[in-house]
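*Asks:* Chains as they are written, first to last, in our numbering: chain A, 1 to 429; chain B, 1 to 183.
In case anyone wonders, no lab produced these hints; they're calculated from the structure.
All the given hints hold, so there is nothing to weed out.
Subject to a maximum C-alpha distance of 20 Å in a straight line, what follows is the list of computed SDA-like cross-link-like pairs (lysine to any residue):
hint : chain 1 : residue 1 : chain 2 : residue 2
1    : B       : 108       : A       : 38
2    : B       : 108       : B       : 147
3    : B       : 108       : B       : 143
4    : B       : 108       : A       : 49
5    : B       : 108       : A       : 290
6    : B       : 108       : B       : 118
7    : A       : 128       : A       : 384
8    : B       : 108       : A       : 37
9    : B       : 7         : B       : 167
10   : B       : 108       : A       : 295
11   : A       : 390       : B       : 77
12   : A       : 390       : B       : 81
13   : B       : 108       : A       : 32
14   : B       : 108       : A       : 41
15   : B       : 108       : A       : 45
16   : B       : 108       : A       : 28
17   : B       : 108       : A       : 42
18   : B       : 108       : A       : 40
19   : A       : 128       : A       : 76
20   : A       : 128       : A       : 88
21   : B       : 7         : A       : 267
Non-contacting residues of chain B with respect to chain A, defined by C-beta distances greater than 10 Å in every case (computed):
hint : residue
22   : 7
23   : 8
24   : 11
25   : 12
26   : 41
27   : 42
28   : 122
29   : 124
30   : 127
31   : 128
32   : 154
33   : 161
34   : 167
The C-beta atom is built at its ideal place from N, Cα and C for all residues, glycine as well.
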Amino acid sequence: MILAIATGLLGLLAMSIPVGIVLFLLGFGVDQFFSAFPLLRGLGNLVWSTSNNATLIAIPFFVLLGEILVRSGVATRTYSALDRWVSWLPGGLVHANVATATMFSATSGSSVATAATVATVAMPQAEKLGYDPRLFSGAIAAGGTLGIMIPPSINLIVYGFLTQTSIPQLFLAGLIPGLALALGFMAITAAICMVRPELGGTRRTFPLAQMLRALLELVPIILLFTVIIGTIYRGWATPTEAAAVGVAGAMIIAAIFGGVSVRMFADSILGTVKITSMIMLVVIGASFLNFTLASAGLGTELQTLLDGMGLSPMGLILVVVLIYVVLGFFIETLSLMVVTIPIIVPLVVTQGFDPIWFGILMIVLIEMALITPPVGLNLYVVQGARKSGKMGEVMVGAIPYVVAMLIMVGLLIAFPSIALYLPSVLSGL
Amino acid sequence: MEDRLLKTLRRLNHAIALLTGALLLSCAGVVLADIVLRQVGSSLGGTDEISGYVMAIATSWGMAFTLLELGHVRIDILRGRVGQLGRALFDLSSMLVLTGTVTLIAYKCWPVVARSIDNGSRANTPLETPLALVQIPWFAGWIWFAVVAWLTCIAAALLVVKGRFETSEAVIGCFGDDTGAGT
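If we strip away everything but chain A, and leave its shape as in the complex, we get (with noise of 0.2 Å):
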């Protein structure tokens, strides 16, 4: 059964029918050849059950968060000020890309949200202050993908859902590698630009009077984020309603800094509607074939495969991480998550370890998924911000902060205690 439904599934991708539809397909698949019982039954409870659910509806609410941030222009300003800060560092603005983007994960829930609207503002300074244009794209590239790790985050919800895992644990999980990837790829942008500074462009600095006047800009996001995670941690809120709360903040935000018009509200709810619809046809189709496998016996199957392997715990983690930087060559990242957890997460969980640090783990790989090519969505959202240059350029750009990531796998794999320190430390939520 696990082939067939591994051929299916590539085979189904291949011909490029859409993500979620290959996923109803599979389950009728299922159905038809591994099932004792009639499953096809239960298609349209659970089509029911999935999409009534108070705790997704967190994905409308952070996207139109997100939307509202970035077409207001709060992102521009952000994105100037933090230049004033990090620019006299070797790689200048490229620091102010990652920096940007480090933000904007804190008030966004979506990666390639992240990386449009930093590409977006970041792209016209590129060329007029000499940056090389792999590293200049390939850093905006990496980090947004931030955007789901650092909280909140859409597939952090997504992964919550569909594995029975706390949300606001996974959020707090998130934050310590997120900001450790952040300063990661400062860290090797620097490394960079000190070999070869001319990749790095002008190293500018600038009067203590600007830079403080600087801070001012930052204060909408930082006070965003601050409420968003406050009320979830002071208890007054679920991750869900400290979505609802995000909102009215972002609203607000974009009301005193004037970026508001019927216009660029139509289009974020717009935008909203056709995220949301986007990832709950593939959520939807996932719990379905969720189902299916489940009642066809696939826990069994996989469990007997793997005691046949003998794999140790360590090994099987490494298989995984394995499996999942090929695939993620491939394949989209959402989908790439939600196809995987239901076949994946209950073996890891069997074999000892924390779905809490799984998740993250996850997290991690499927960030990288994003900036490999042929199929990483972040490079070509970067891309088409940049309307001159060839692909190749951003995906080579992108080569250094993989590299990041995989020492981030490999350090989580070792020292499990950074994901796991914060939701220890304030468990009981």
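Position chain B relative to chain A; hints supplied.
*Replies:* The following block gives chain B in isolation, referenced to the frame of chain A:
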């Protein structure tokens, strides 16, 4: 004819998407009100339940809009390597598969609604919402998705038959104009 049909579908779905967004926004408003009320020791009660219904309805009604905006993610490893006619065939076959699947889903959703109507089921919650009240709009959204998929399929097939590949690619191709998608 196909152009007029597509234009109408787009316009309708544009309006529906705005309404869906408004529904989501009002839900955010209700959630906010509840958070504030809880701080002063009161509560609207049942916001979780309402959020769930809104999510189900918003999801099903947004599907068709997303379809026309080319928002449902597809992978174009092979599709990207063939010529214009090949791409059109990939698009058309994938569209047919989608249409068939969505039709089946919508068909299978009906028993859920029918049972709620027959039994007069109410949610097992403080609100005791009559389930048919929220399931009918949810179900209607899936029907709409199926109907739009069929009509788009027909229009796209006409475009391909007439050799208007560029237009057909804009209608059922792989990427939308706007990259602000996904995660």
